[in-house]
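S.K.: With the hints as your guide, set chain P with the ligands onto chain W.
As a plain string of letters, each chain reads:
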Amino acid sequence: MDARLRRVNKEIADCKNDRTSQIRIELVGDSPFHLKGSFPGPEGTPYEGGDFDVDIVIPESYPFQPVKMKFLTKIYHPNVSSASGAICLDILKDAWSPVLTLKSTMISLQSLLCSPEPNDPQDAEVAKHYMTSKHSFEETARYWTEIYAGGPGSKIGKTLPAGARDDVAIAGLDAQHVSRFEGLGFAKNKVIDVLRRLNYRGPNASKINDERVVEELLKP
Amino acid sequence: MSSDYDYSDDDGDYYDEDMIDGTQDDYSDDDNMMDFGGDEDIKVPQKGKRKSYEVDYESLSQSAVEKLIAEDVEYIYSVCGVDESIASLLLRHSKWNKERLVEKYMDNPTSLLVAAGVTLPEPTSSPTQRSAPTSNNSSSRRTTRGASRLLTTFGGSGSKTKSPITSPTLTHYTPRSFKPKSSDPSDKFVCPICFDDAPSLRTLSLDCEHTFCSNCWAAYLASKIRDESEHAVKCMAEGCSLVCPDPFIRTVIGPSATSTEPGQEQENAKAWSHFQELLVRHYVASNKRLKFCPYPGCTNTVSCPSAADKSSLTTIVPTVSCGARGIGDQMTQSQSASGGSGGGGWGLAGKEHRFCFGCHVEADHRPVVCPVARMWLKKCRDDSETANWIKSNTKECSHCQSTIEKNGGCNHMTCKKCKHEFCWVCMGPWSEHGTAWYSCNRYDEKAGVDARDAQSRSRASLERYLHYYNRWANHEQSAKLSLDLYAKTEKKMEDMQITSSLTWIEVQFMKKAVEEVERCRMTLKWTYAMAYYLAKGNEKDLFEDNQRYALLLPSHSLIIHLRLHLRIPSDLEKAVEDLSELLEGPIEPENIPGLRQKVTDKTVYVQKRNEIVLEDTAKGFMEGRWKWNVVVEGFDEPEKVEY
Ligand SMILES: [Zn+2]
Ligand SMILES: [Zn+2]
Ligand SMILES: [Zn+2]
Ligand SMILES: [Zn+2]
Ligand SMILES: [Zn+2]
Ligand SMILES: [Zn+2]
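Line order of the protein sequences matches chains W and P. If you use the working numbering, the first sequence corresponds to residues 1 to 220, in order. If you use the working numbering, the second sequence corresponds to residues 1001 to 1643, in order.
Since the hints were derived computationally from the structure, they do not count as laboratory data. Certain hints may be false.
[What the hints assert, rightly or not] Cross-link-like lysine to any residue pairs, in silico, SDA-like; alpha carbons within 25 Å at most: (1) 68/W x 1227/P; (2) 10/W x 1188/P; (3) 10/W x 1189/P; (4) 68/W x 1238/P; (5) 219/W x 1403/P; (6) 68/W x 1239/P; (7) 74/W x 117/W; (8) 68/W x 1403/P; (9) 1270/P x 96/W; (10) 1234/P x 1084/P; (11) 68/W x 1229/P.
[To be verified] Quick list of simulated restraints, FRET-style, between CB atoms: (12) 1625/P x 190/W: 35 to 41 Å; (13) 1095/P x 207/W: 42 to 48 Å; (14) 208/W x 1274/P: 51 to 57 Å; (15) 30/W x 1494/P: 57 to 63 Å.
[To be verified] So, partial list: chain P residues that the calculated Cβ filter (under 7 Å) puts toward chain W: (16) 1192; (17) 1193; (18) 1219; (19) 1220; (20) 1236; (21) 1237; (22) 1238; (23) 1424; (24) 1628; (25) 1629.
Here the structure is a predicted model, which means the values were calculated and not measured. Built from N, CA and C at the ideal position, the CB exists for glycine as well.
Chain P on its own, in the form it takes in the complex:
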């Protein structure tokens, strides 16, 4: 579909075959991720020209991130000459900052190895002891790879939990001592944790020689990984600082590990795969350019370098998608929403893994930038309940402005603070009501009008907020019902095939329309939040005539406001409601061809206009065109304005 925004009145021009056959156009980024699938680590290039409201990003599978990790490990191996499993521990300890790691390693390898839990601290070493950097300068690869230090066996008394440690003095060192216990039958071992002493018991230890049975190791690792999401698991002995290297963990709970405990093998498999995920998550969390997909059960990562820097969040809204769809068991890696079979693309099963790279506020809060969206939601949380209540249940005293709550049905109000007496209905002084206390007929008398003016002024900011909030909430509410609408529409599409000659592919226009309505509602919703914070422009005199702005603002003024500020085509809101109505209305078999035409036209229409809003707002952010009436994180302070 073309991307020029021709405001042709003849919307029939936009009638487009691919609206009918169900294939999507290049409207949204989800289509760009379609090739992404399975375990392949395809870096998906963005197809075609990027819209100004889209950001460049790519999706990475878990194995793709694992490859990045392997590259880092390989790098540390080659520079520092340590075994891969050690390199991995060092990287995790250094939060994957390779440069810092190498620097520290060159400076003092021993202290880094100890801090990372690779080797035990030397009993005699003092903190000031430093190895000369020159002598430790690792200019060549050390031959530590595979040079496992095999422990002869465990000490005579196997139950000893704290054997004196013969600390390694090597700087390059391989902890590979987790070998099964020797089978000397006289050497009776009792596991100090489970007290099991069966001769068949398999025992393991790290270099510290703190020996425990393999069942305890497995249960311990599973608990640490599952309950604490710990990727650097320490030895089980009290106070021991050695961290279990990956090959050890693989030995204990990896795919080839066997267990005598019932159910343990299944637990192991779960823990082992969770451990793999933890490493990826840790790597991703340490890298600002990466974000782990927040959808439950999903292990994809999105890379979005343009949003890595927080300061970019004032100019772009980094809405991204990991490429997968669906939630829980219904998750699919590659989506096929465009297929004519009707499979996928509906409800939760078809829910695209879309999220904001910059915040956790909402998956897609375009066109408004993260800090403003965050501010708005916070305000809604803090204010909306109290605001609505205050609005309907209280008024301010026209003398002292303190808030008075209406109590019961009586209109005769007395301010607790200043003792001023007034009428709840007209706000005029009670003294002027004479004996007509039972009913107020003075609504238009001057004193009452003046008092209500004062009331309005003190209340304008609240009214103004509610004005935007109610419109925002209306779309929010409608979007929440969209799953419902999906189900209803699907049913209608089925009925339509029966009552008309249309094929499944031909009735896809309904689905397309529902999706478009949802998209537009999201945009409209967030434009209200944005409008609330926008500073008054030059056009403010048009409708923001005085401080009673909000009270006097009729709905058409709002549209002027939005159009001037956001250039929302004045009828997008209306067109979206019209389209919703068409979709929810009854379908007469004889009208189906006409309905199809109408819905398709309207869909194209709102889609175009929605794009214009998104495009223009995004451009405005990039050009720094939007000014706020409050302090917004990352933006310049607002010029002094009064509301």
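One chain only, chain W, in its complex shape:
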């Protein structure tokens, strides 16, 4: 049997038989080379209570070349693109070793959620947010977990239907800041966009004067 297939089949079976780890792997279609993995957000983090899905593609020269993974669930994390789910993690690149497995890689992802690396970011805006105000960042990450990953808020009935999601909270901004500039006559989504880009949060907000914000708001 093809060594790659034998190895992947064994890895999938190992995951199924392992009741202690919280890693689950399932086939997307018929091929064992395209999988979906999932794991719960680690306790004591803003991701706690959420369930995170990961797209897994096994390349032709696996395990000698790294597996390709990206988040399917939207997640607010400095090392994950908030738009595409792309992950910045060394073992998925040069630090890959053929002895690593799907399970061990997923566990590494899980621990990446515990310890973000804002100095090697995938999403620069999120990383800036993290560096500026960890508290505000965690609030936003928690909100994302709630609305996108079925976090605890959803279980206690706090979550609103998709249409009524709080765009200000998704962007990790202060509602008062947004409404102040909205009051000048700018559209809400434009204000959110600009304030997010400027990282108008926490102590940083006081460093950015209103002219600067308005200047950005006036750009087409």
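M.R.: Just chain P with the ligands now, with coordinates in the frame of chain W:
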């Protein structure tokens, strides 16, 4: 052929027998590489006197470079006293800088060995720990050669991927522990990568004792070498920094390696030869005097010390050739274009591996130097499409100079910015057109002429660029069609043998002519790029009378311009076109002798004149005669000029 440039009007004097028998003269460097062949590492000396537009270089085969590598390895072996495979890893780690390597090694051998992946870091060592240089001073050869440290066997549990490491404390150390696993049947091994546990499994490890089956090692090495072009492949275990030494790689994928996996042996052979090439490429890339031949599938290297320093690129155009010809399966190491058999020398099969040692812009951009060629191509890429479009679809408002796009067929234009209304045809104010809005008959009225003058001035630089660009592009286009012309000419040569009494050798004059036309087109093409950037000389008043220069520049002025600046014989351009026409025209059997005479004469003629252009331009660069109207990398800033 003589190399004096006699401007004799009687070009028949240049009629030359070797034009007919097909043997080439000493015109181009390709002939100088003819002796180069096969796997021999002949260093080809340049025959005869070098032309001022040629550079000294030599071609090296892969095995010749391998010999240079072996010399370096031998040197490190003798100075540092380390095994050859270690010396090779150290050299690769140090980017083949022997002096730095020795210095670092003498300073702290352990840290260098660890950094190069030769030995494992000592668990207890701290970064500040240094061995006294005196005690490690390697004044004599150590007896480490062949003193392989044989591992007894692998630990009891074979599946263990991270065994505690008993780190070697030796400074001179030989990693040769990749020996097959002991055949103790009770010692059941499961490969941690493929999960294979067959008793017949062959297992291997480096000194770190991270053990895997030979099939996994082979697949891993092949993938690293093929997919990542990695010449320093690390151990497969996570975080292990040991690098596989060459003898290990040979054991796994070398010629004698066998495999139980179907197809793996073939993969191994490919990977092994690719690995050899990678080492050569790495060595070449680390040496400024060397360049690897860029033609696909070619493994030759060219050494050109005179172009090693970037600053030399303002005075020479280092056009070189690796000596091989052809592309893909049709590649030959030694060319035989001069043979009378007609084999080789045509189309892609005969394409000489010519390239510029100084840049990747184009294989042969003589006579213009690399930085100018690069600048010109960038400009063409950035400007040409927009420039052509702007030229035909927009005009500048004669009031505020903002660019206005013509929209639809109406000639009544209104500037969006200043609201000025004018006529697209004559550029005059619309108010003077009265009710004749449907057609303009005021083209010569004063207001219109003045407005068009202003238009011209603001547009002169664009026009000027297009002027050179169009001529440049014309030759570029023609050169692209040369493969086509080759095929057509070959057919004509065949026909000619049938319809006349000429032999195959005797019809070679056609081929010679086609090649010469292509060469001249390349030269002409690049002289236009050069002329575009040349600063105005004293003769500028002749034709660069005002800022409408480009618009007023008729083609004969261009020729004056080029002749004064570049000394292009005024008729080279014309002669090349005439020759092209002769070659592409129909051939009447009764006219063949006359045609042959004419084509041969013309060929000699354009060849001579092309050489003069190349020679003179090259001399100009060496003498620093050429001044530019823009800042060119490596040259002095231009004097203030206005265009
Ligand atoms: Zn294996
Ligand atoms: Zn290892
Ligand atoms: Zn070549
Ligand atoms: Zn060049
Ligand atoms: Zn205007
Ligand atoms: Zn008009």
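S.K.: Does each hint hold? Answer for all of them.
M.R.: To see whether the hints hold, each was checked on the structure:
{"no.": "1", "hint": "68/W x 1227/P", "in the structure": "holds (15 Å)"}
{"no.": "2", "hint": "10/W x 1188/P", "in the structure": "holds (19 Å)"}
{"no.": "3", "hint": "10/W x 1189/P", "in the structure": "holds (17 Å)"}
{"no.": "4", "hint": "68/W x 1238/P", "in the structure": "holds (17 Å)"}
{"no.": "5", "hint": "219/W x 1403/P", "in the structure": "holds (23 Å)"}
{"no.": "6", "hint": "68/W x 1239/P", "in the structure": "holds (19 Å)"}
{"no.": "7", "hint": "74/W x 117/W", "in the structure": "holds (18 Å)"}
{"no.": "8", "hint": "68/W x 1403/P", "in the structure": "violated (50 Å)"}
{"no.": "9", "hint": "1270/P x 96/W", "in the structure": "holds (24 Å)"}
{"no.": "10", "hint": "1234/P x 1084/P", "in the structure": "holds (18 Å)"}
{"no.": "11", "hint": "68/W x 1229/P", "in the structure": "holds (20 Å)"}
{"no.": "12", "hint": "1625/P x 190/W: 35 to 41 Å", "in the structure": "violated (59 Å)"}
{"no.": "13", "hint": "1095/P x 207/W: 42 to 48 Å", "in the structure": "holds (45 Å)"}
{"no.": "14", "hint": "208/W x 1274/P: 51 to 57 Å", "in the structure": "holds (54 Å)"}
{"no.": "15", "hint": "30/W x 1494/P: 57 to 63 Å", "in the structure": "holds (58 Å)"}
{"no.": "16", "hint": "1192", "in the structure": "holds (5 Å)"}
{"no.": "17", "hint": "1193", "in the structure": "holds (5 Å)"}
{"no.": "18", "hint": "1219", "in the structure": "holds (6 Å)"}
{"no.": "19", "hint": "1220", "in the structure": "holds (5 Å)"}
{"no.": "20", "hint": "1236", "in the structure": "holds (5 Å)"}
{"no.": "21", "hint": "1237", "in the structure": "holds (6 Å)"}
{"no.": "22", "hint": "1238", "in the structure": "holds (4 Å)"}
{"no.": "23", "hint": "1424", "in the structure": "violated (30 Å)"}
{"no.": "24", "hint": "1628", "in the structure": "violated (39 Å)"}
{"no.": "25", "hint": "1629", "in the structure": "violated (37 Å)"}
Taken one by one, the earlier hints fail for this structure at numbers 8, 12, 23, 24 and 25, listed in ascending order.
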